[in-house]
Structures are given as C-alpha cells and as structure tokens.
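Just so you know, the protein sequences line up as chains A and B, in that order.
Numbered according to our numbering, the first sequence spans residues 263 to 596.
Numbered according to our numbering, the second sequence spans residues 263 to 596.
Note that these hints are calculated values from the structure, not bench results.
None of these values were measured; they are calculated from a predicted model.
Heads up, a few of these hints could be off.
Copies of one chain are not kept apart here, so a pair can be met inside one copy or by any two copies together.
Stated by the list, open to error - Computed cross-link-like contacts, BS3-like style, restricted to lysine-lysine with a CA-CA straight-line distance of at most 30 angstroms:
hint, residue 1, residue 2
1, K567, K508
2, K319, K343
3, K567, K452
4, K513, K523
5, K319, K295
6, K343, K525
7, K452, K343
Each chain, letter by letter, is given below.
2 protein chains.
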Amino acid sequence: MVNTVNVALDAMGGDNAPKETVKGAVDAVRDQKNVCVHLVGRREAIEAELSKYDYPKESILITEASEIIEMGEPPVMAIRKKRDSSIVVALNLVKDGKCDAFVSAGSTGAVLAGGQLLVGRIKGVERAPLAPLIPTAEGVSLLVDCGANVDARPSHLVQFAKMGSAYMKYAMGIDNPRVALLNIGTEEEKGNALVKETYPLLTACTDINFTGSIEARDIPQGGADVIVCDAFAGNVALKMYEGVGKVLLEKMKEAMMTSLKTKLGAMLIKDSLKSTLKKFDAHQYGGAPLLGLKGLVVKTHGSAKAGEVRNSIIQCITFKEQDVNGKIKEYLDL
Amino acid sequence: MVNTVNVALDAMGGDNAPKETVKGAVDAVRDQKNVCVHLVGRREAIEAELSKYDYPKESILITEASEIIEMGEPPVMAIRKKRDSSIVVALNLVKDGKCDAFVSAGSTGAVLAGGQLLVGRIKGVERAPLAPLIPTAEGVSLLVDCGANVDARPSHLVQFAKMGSAYMKYAMGIDNPRVALLNIGTEEEKGNALVKETYPLLTACTDINFTGSIEARDIPQGGADVIVCDAFAGNVALKMYEGVGKVLLEKMKEAMMTSLKTKLGAMLIKDSLKSTLKKFDAHQYGGAPLLGLKGLVVKTHGSAKAGEVRNSIIQCITFKEQDVNGKIKEYLDL
Chain A
263 MVNTVNVALD
273 AMGGDNAPKE
283 TVKGAVDAVR
293 DQKNVCVHLV
303 GRREAIEAEL
313 SKYDYPKESI
323 LITEASEIIE
333 MGEPPVMAIR
343 KKRDSSIVVA
353 LNLVKDGKCD
363 AFVSAGSTGA
373 VLAGGQLLVG
383 RIKGVERAPL
393 APLIPTAEGV
403 SLLVDCGANV
413 DARPSHLVQF
423 AKMGSAYMKY
433 AMGIDNPRVA
443 LLNIGTEEEK
453 GNALVKETYP
463 LLTACTDINF
473 TGSIEARDIP
483 QGGADVIVCD
493 AFAGNVALKM
503 YEGVGKVLLE
513 KMKEAMMTSL
523 KTKLGAMLIK
533 DSLKSTLKKF
543 DAHQYGGAPL
553 LGLKGLVVKT
563 HGSAKAGEVR
573 NSIIQCITFK
583 EQDVNGKIKE
593 YLDL
Chain B
263 MVNTVNVALD
273 AMGGDNAPKE
283 TVKGAVDAVR
293 DQKNVCVHLV
303 GRREAIEAEL
313 SKYDYPKESI
323 LITEASEIIE
333 MGEPPVMAIR
343 KKRDSSIVVA
353 LNLVKDGKCD
363 AFVSAGSTGA
373 VLAGGQLLVG
383 RIKGVERAPL
393 APLIPTAEGV
403 SLLVDCGANV
413 DARPSHLVQF
423 AKMGSAYMKY
433 AMGIDNPRVA
443 LLNIGTEEEK
453 GNALVKETYP
463 LLTACTDINF
473 TGSIEARDIP
483 QGGADVIVCD
493 AFAGNVALKM
503 YEGVGKVLLE
513 KMKEAMMTSL
523 KTKLGAMLIK
533 DSLKSTLKKF
543 DAHQYGGAPL
553 LGLKGLVVKT
563 HGSAKAGEVR
573 NSIIQCITFK
583 EQDVNGKIKE
593 YLDL
C-alpha cells in the first residue's frame with residue numbers, strides 16, 4: 263500500500279463532460295480511500311456538478327483551467343497555444359510532480375501529444391505507445407500500439423513488447439503474459455518488412471514470454487495477452503473490432519424488434535444476453551494507458567460515462583501501487 | 263450475353279472437397295445455361311460424387327490431376343514442384359485459353375502464387391491484389407488488397423483503386439462506386455508514410471470517385487464501396503472482422519442456452535435473427551477475385567460449401583459477360 267495517489271482528471275474532456283467526469287470522480291473517491299482526484303477545468307461548471315453529491319471533501323480538489331481543447335483541433339498546435347486548457351493544466355500537474363497520473367476522455371491526439379511534450383518519456387524509451395485493453399472471450403488483451411507511432415521501427419516494437427508485459431503482469435495481474443506479434447499468418451516467414459525484422463528480435467528476448475505471430479482473427483478469442491504492432495495496424499484492428507461489434511449488435515436489436523413474437527423472445531433472453539455482452543464492453547476496463555512516460559497518462563473513450571471514468575481513476579491507483587513505471591524500467595534495462 | 267463461360271474448378275481444394283466442390287458445380291450448371299465447369303482433380307473421386315446427381319452432362323467436364331497442394335505447403339515451391347496438382351493443372355487451363363476463370367477453395371498462398379506465375383498479370387499491372395467482398399450494413403464492400411502485397415507502394419494502391427472501381431461497377435453493378443483509403447483518421451494529414459503519399463495521388467484521379475480516408479470502424483457500416491489498403495492492413499481488417507463476428511455469435515448462442523427461459527426466447531427470435539445475420543455471412547457472396555490477371559482467379563473460403571462454390575462460379579460468368587478485365591485495362595489506360 264502506498265500513500266494517497268493523486269490523479270488529475272480532465273473534467274471538461276469527452277462527450278459527457280463535466281457531468282459524467284465529475285460523477286466518475288465522486289464514485290472513485292467514495293470507493294477508494296487512498297486516492298485524491300484533482301478536477302481540472304472550469305470551476306463553476308465543476309462545482310455545479312459536485313454540489314449534487316456527498317463525498318469526502320478532502321479527496322476532491324478543483325484546479326481552474328479556463329480553456330478547452332476541442333476534438334477537431336490540430337493536437338500539437340492546441341497543446342502549444344491553449345496553455346490554460348484542462349489538458350495542458352492537468353498534464354502540468356503531473357509534470358510538476360503534484361499528481362501521479364492524468365485521465366482524459368478528451369481529444370486523443372491532444373492527450374498523446376501533450377503526454378509526450380509535457381510529461382515526457384522515461385529516458386531510454388524511444389516511443390510512448392497507446393495501449394488499449396480489448397475484451398476477449400477469455401478476459402482482456404493489451405494492444406500495443408494504437409497511438410501515434412504509425413511508422414514504427416523494430417526496436418520500438420521490442421520496447422512495446424516489454425512495456426506491455428510489465429503492464430499486464432503488474433497492473434493487470436496476469437502471470438507470465440503471452441506476447442504475440444500481429445501478423446498476417448503464423449509462419450515465421452510471413453509479414454511485412456517491419457514484422458520480419460522484429461520477429462527474431464522478439465525471439466531473442468529472454469525476459470518476455472514471446473509466443474510468435476498472431477492473426478487478427480485470433481485476437482477476440484484471447485490468443486495473446488500482449489499484442490504488439492505498429493500504430494497503423496493496431497488502429498485498424500481496434501477500430502474494426504469496435505465497428506463490427508456495433509453493427510452486429512444493432513442488427514441483432516433490429517431482428518428482435520420485428521414482431522410481437524421476437525419481442526417476447528427478446529424479453530426472455532435479455533438478461534442473459536446483457537451479462538454475456540457486458541464482458542465485451544470495452545468501457546468497463548478503464549482507459550488506455552500511454553506507456554513509457556514519466557507519469558501515467560490514461561485516455562478513456564470520448565463517450566465515457568461515470569463508470570469508465572471511475573475505473574480509469576482506480577486503474578491509476580494500481581499503476582502507482584504496483585510501481586509499473588519502475589517495472590517498465592527494469593524490463594527495458596534503464 | 264456471351265457464349266459459354268468455361269470455369270476451371272479446383273475440385274480437390276478446401277476443407278469440404280470434393281463433396282461440396284462437385285455439388286457446387288452441379289448447382290451452378292443446373293442454374294445457368296451458359297457455363298461449363300471443368301472439374302480438376304482425381305477423376306475417380308470426382309466421378310463418385312458426380313454420380314449422385316442429375317445434371318446437363320455437356321456442362322461438366324473432368325480434367326485429371328493426380329496431386330493436391332496441401333494448406334501448409336510453401337506456395338511458390340508447391341506450384342513449381344507439383345505440376346500435376348489440381349491448382350497447377352487448372353491454372354494452366356486458364357493460361358492456355360481453354361478456360362476463362364479458375365475457382366479454388368484451396369491454399370490461398372498457392373492460388374495467389376500460381377495465379378501470378380502461371381496466368382500472369384495484365385501487361386502494365388504492377389501488382390495483382392486479392393479483393394474479398396465483405397458484407398456491411400448497407401450491402402457489400404470490396405477490400406483491396408488482402409493478398410500478398412504487404413509492402414505496397416503508392417502507385418500500387420492507385421491501381422488497386424482503379425481495378426476495384428472497375429470490379430464494383432461492372433461485376434457488382436454499383437454505380438459510381440465510392441473509393442476510400444483505409445486510414446487511422448479522416449483528416450488528410452493522418453496516416454503512415456504510404457497513406458500520406460497515396461492520398462494526393464488518389465485525389466488527382468479524375469476517373470474514380472475518391473471520397474477520402476475511411477477508418478476501419480466505418481467499414482462495417484458500409485462507409486465505402488472500394489476500400490484501398492496494403493495487404494498487411496487489409497488482412498488485419500478482414501481477419502478482425504471475421505474473428506469478432508465469430509466470437510460474438512458464439513457468446514450469443516451461449517447466452518441463449520443458459521436456461522429453459524432463454525432457450526424459449528431463442529426459439530422465438532431464431533428465424534428473424536437468422537435472416538438478419540445471413541446478410542453478414544461472407545460465404546453467400548462468392549469468392550475473392552485476384553484482380554489484374556490475364557484471366558479471372560477467384561479464391562473462396564477454405565470452409566466453402568456448395569452454395570459458395572456455386573456463387574463463385576456464377577461470379578465468373580458476370581466477370582466474363584461484363585468484360586471486367588477489358589474495363590480494368592480502360593481504367594488503367596493500358
């Protein structure tokens with residue numbers, strides 16, 4: 263157990279801010295004693311939301327930030343110009359050591375750029391990957407990288423494999439996490455130039471449990487705990503995962519609403535179906551960490567509601583308590 | 263209407279050969295008068311299957327091939343060594359002009375390699391992409407390339423866009439098909455080096471309907487008719503599409519079998535759900551064409567049953583009748 267973990271929360275970020283961000287903060291501090299949430303944003307709006315709840319007052323602080331970075335803004339420019347935005351102010355709290363972690367449902371680009379520019383990478387980390395957890399038939403897998411490193415080099419992917427192993431082992435409690443390289447076949451000679459160069463480097467790593475290539479088809483089954491790829495491939499995999507799920511569920515709902523008979527059937531299977539599909543709801547696992555930074559930066563879905571915000575805050579406690587950054591340094595020999 | 267279309271069918275390829283391949287051929291010639299299927303493989307096994315059916319005898323011929331290329335064999339080596347395999351013998355029927363098209367549910371690698379080596383590319387075509395049709399909420403989209411061109415160049419992707427447009431317009435009857443570039447965001451500055459170089463080249467094409475970037479998330483909704491990408495990204499998108507669908511449907515079935523109540527509910531929605539999900543069954547759309555070859559080569563799923571084989575054969579008739587290869591040459595100024 264460590265002392266209080268200080269989490270800076272972008273109160274203004276995401277589709278449902280500040281209503282759901284503030285509620286998520288309240289839920290988190292009600293559940294966990296050892297966390298203090300710094301709500302960053304427009305004080306008036308935040309206070310209006312906070313006034314709805316009872317909560318331990320010493321566990322939620324407000325830091326004023328007058329500006330908001332919008333979803334469409336060019337990220338680097340926005341970080342440089344909007345010095346008083348909730349994202350920049352919150353990231354500076356981490357940079358200055360006042361907070362251990364930052365959680366945002368705001369612009370992914372701004373969070374990625376700001377994390378790198380303001381908090382900065384651990385010395386020796388070549389690239390900081392965004393690593394969302396995706397639900398599988400067996401639990402959850404980490405997809406590293408889905409962020410900004412679209413033209414990655416083999417040495418980056420090797421670091422992703424090690425950082426991902428540290429995260430899954432210490433933050434998620436998975437013993438000896440299986441690491442696989444995203445590929446278009448499982449034979450060693452398959453793949454593009456990046457994958458072919460990376461494969462033998464991963465095989466040579468004695469400190470991770472590299473199990474070889476994985477096809478995207480086997481990811482939803484839970485074929486690996488850590489899936490390593492460049493951000494272009496990772497983004498395609500992640501977005502396709504989300505897109506197919508969404509369309510299939512929409513179509514299923516339509517099918518259940520076609521007649522009185524199907525509506526009755528839907529009522530009978532509703533509870534069972536919901537509890538099954540809940541396991542596939544990415545929102546319940548908290549946000550995607552940006553690995554390899556000096557502090558923890560967590561990006562939650564833009565559509566995050568209180569539950570996901572709460573889970574993302576609690577995720578930061580584990581990260582700090584388990585000293586995941588210290589473990590990442592050990593894995594990387596830094 | 264053209265004269266008879268001659269289709270060489272790999273009778274021995276796929277998980278269900280020769281039973282389902284032969285049945286698919288019989289179904290096709292029963293349905294369509296202007297096709298002649300050349301069943302290529304072991305005569306005895308083929309004749310045993312054929313003897314089960316009534317069909318117009320002049321519409322099905324057998325060409326003996328004693329060998330079979332197995333799924334795991336290194337493709338190029340297999341094509342070179344197994345001269346009497348069903349794939350090589352059938353491809354030579356196309357090469358020699360005895361057949362217009364080749365359909366196989368066998369080894370994808372061998373079909374791709376054999377198509378290029380034996381049938382050969384249309385002069386001026388830089389790469390021959392494998393272009394599966396994937397079902398969407400609105401119909402069906404062509405994903406070009408999911409084949410072997412993992413380290414594609416921008417000029418390849420431009421040709422893929424044009425060949426895909428020709429295919430969707432003339433083989434699938436989609437007017438002014440929307441072409442999109444698979445990307446990790448919709449802004450022009452997004453993407454990896456390949457995408458950034460390709461984007462302005464596609465914008466400059468006046469003969470296709472280029473609509474910009476598409477995120478993988480929007481593919482299942484039917485966001486574009488032709489989706490252009492390198493084979494690595496395409497394969498990741500395709501396999502993830504298949505993998506998520508499979509796991510979600512498995513989980514749904516489990517949820518419907520948990521109790522008597524859910525089983526009753528399942529009975530009530532079964533028909534409606536089946537007809538909805540049928541639209542998302544890739545098997546019903548026939549196989550994936552390998553575009554830009556001198557003849558047509560179509561790869562169907564390894565798990566193809568008679569229906570998919572039949573549809574793939576009928577697909578070849580349209581391809582020939584609509585002179586898709588002639589249209590591809592026009593699009594490419596060849």
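For each hint, the structure was consulted:
Taking the shortest Cα distances, K567 and K508 sit within 30 angstroms of each other both inside one copy (17 angstroms) and across copies (28 angstroms). Proximity of K319 and K343 under a CA criterion of 30 angstroms is satisfied in neither setting, with 33 angstroms inside one chain copy and 77 angstroms between copies. Taking the shortest alpha-carbon separations for K567 and K452, only the inter-copy value of 28 angstroms comes in at or below 30 angstroms, while the best intra-copy value is 41 angstroms. Within a single copy, K513 and K523 get their C-alpha atoms as close as 17 angstroms, and across copies as close as 22 angstroms, so both meet the 30 angstroms cut-off.
With identical chains, the CA atoms of K319 and K295 are at most 30 angstroms apart within one copy only, with a shortest distance of 12 angstroms there and 81 angstroms across copies. In this assembly of identical chains, K343 and K525 lie within 30 angstroms of each other by CA distance neither inside one copy nor across copies; the values are 53 angstroms within and 59 angstroms between. When the C-alpha separation of K452 and K343 is checked against a cutoff of 30 angstroms, the pair qualifies only between copies, where the shortest distance is 21 angstroms, while the shortest distance within a copy is 45 angstroms.
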